[in-house]
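*Asks:* Below, each chain spelled out in residue letters.
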Amino acid sequence: NAGVTQTPKFQVLKTGQSMTLQCAQDMNHNSMYWYRQDPGMGLRLIYYSASEGTTDKGEVPNGYNVSRLNKREFSLRLESAAPSQTSVYFCASSEVTGGINEKLFFGSGTQLSVL
Amino acid sequence: RKEVEQDPGPFNVPEGATVAFNCTYSNSASQSFFWYRQDCRKEPKLLMSVYSSGNEDGRFTAQLNRASQYISLLIRDSKLSDSATYLCVVPSNRDDKIIFGKGTRLHILP
Chain A
3 NAGVTQTPKF
13 QVLKTGQSMT
23 LQCAQDMNHN
33 SMYWYRQDPG
43 MGLRLIYYSA
53 SEGTTDKGEV
63 PNGYNVSRLN
73 KREFSLRLES
83 AAPSQTSVYF
93 CASSEVTGGI
103 NEKLFFGSGT
113 QLSVL
Chain B
11 RKEVEQDPGP
21 FNVPEGATVA
31 FNCTYSNSAS
41 QSFFWYRQDC
51 RKEPKLLMSV
61 YSSGNEDGRF
71 TAQLNRASQY
81 ISLLIRDSKL
91 SDSATYLCVV
101 PSNRDDKIIF
111 GKGTRLHILP
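Those protein sequences? They're chains A and B, same order as listed.
Under the numbering used here, think of the first position of the first sequence as 3, with each following residue one higher.
Under the numbering used here, think of the first position of the second sequence as 11, with each following residue one higher.
The hints are simulated quantities; they were obtained by calculation from the structure and are not laboratory data.
Wrong hints could be hidden among the right ones.
What the hints assert, rightly or not - 25 Å max Cα-Cα, derived SDA-like pairs, lysine to any residue: (1) Lys105(A) / Pro24(B); (2) Lys105(A) / Pro120(B); (3) Lys52(B) / Met29(A); (4) Lys55(B) / Gly111(A); (5) Lys52(B) / Val62(A); (6) Lys12(B) / Lys73(A); (7) Lys105(A) / Glu25(B); (8) Lys11(A) / Lys112(B); (9) Lys52(B) / Phe107(A); (10) Lys12(B) / Lys11(A); (11) Lys55(B) / Ser110(A); (12) Lys12(B) / Glu104(A); (13) Lys11(A) / Asp105(B); (14) Lys55(B) / Ala84(A); (15) Lys112(B) / Val62(A); (16) Lys105(A) / Gln73(B); (17) Lys73(A) / Lys55(B); (18) Lys11(A) / Thr57(A); (19) Lys52(B) / Ala84(A); (20) Lys12(B) / Met29(A); (21) Lys52(B) / Gly65(A); (22) Lys11(A) / Gly68(B); (23) Lys105(A) / Gly68(B); (24) Lys105(A) / Asp105(B); (25) Lys105(A) / Glu13(B).
Stated by the list, open to error - Coverage of chain A stretches by chain B, computed from C-beta distances (three or more under 8 Å per stretch; other residues unrestricted): (26) 45 to 54; (27) 104 to 115.
To be verified - Which bits of chain B does chain A cover? Going by a derived footprint, with three or more residues having C-beta under 8 Å, they are: (28) 19 to 25; (29) 68 to 77; (30) 87 to 94; (31) 108 to 120.
Idealized CB from N, CA, C, for every residue including glycine.
Put together the whole structure using the sequences plus the hints.
*Replies:* Structure follows, in structure tokens:
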């Protein structure tokens, strides 16, 4: 059982380049999330998707776009990378049961450096 | 008030001691609460869930105070392996948004 699979694990970009971070879960969860974590900081929510076909902004959405391609996959795109986007990115999924969020399952993270 | 607030620490605690952290939250309608543990910027791992007044698992106890809107995590007989960052998580049951606190760093000293 793979859980949440996130790729790539590491990426180095030049300023202005674009890239897409991929995330897939095999637990049939409705909700998926993208977070970033900077040194000394907690996880900050970039975007989330409560169900297939819907996406919503989180705390720090500027500079990012997302696509909920289907129930399994939720991708994060940087159209024009900036050094301020150097961070560790985590994808996560969860189930909502009876209106209550259950625990989050995380991917192993992507270390992104923008030069 | 921020949605989720934690004392960042670091807490430097001798091995064997008891340590407690608090986490305050702003959404009075939240119904589920979680403590996650994170090591060296690896992915967070669930430590405890709190759905009612509290939860206990071995040396770890999580308690919820709805009136004052905070949850606490108590670690008894602390071990060196407890050194980590502890993240408080409070899902919003209005919009499926899940916000993390900034985390509390704990160092257990030999």
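*Asks:* Could you work out which earlier hints the structure fails to respect and list their numbers in ascending sequence?
*Replies:* 1, 2, 6, 7, 10, 13, 14, 20, 22, 28, 29, 30
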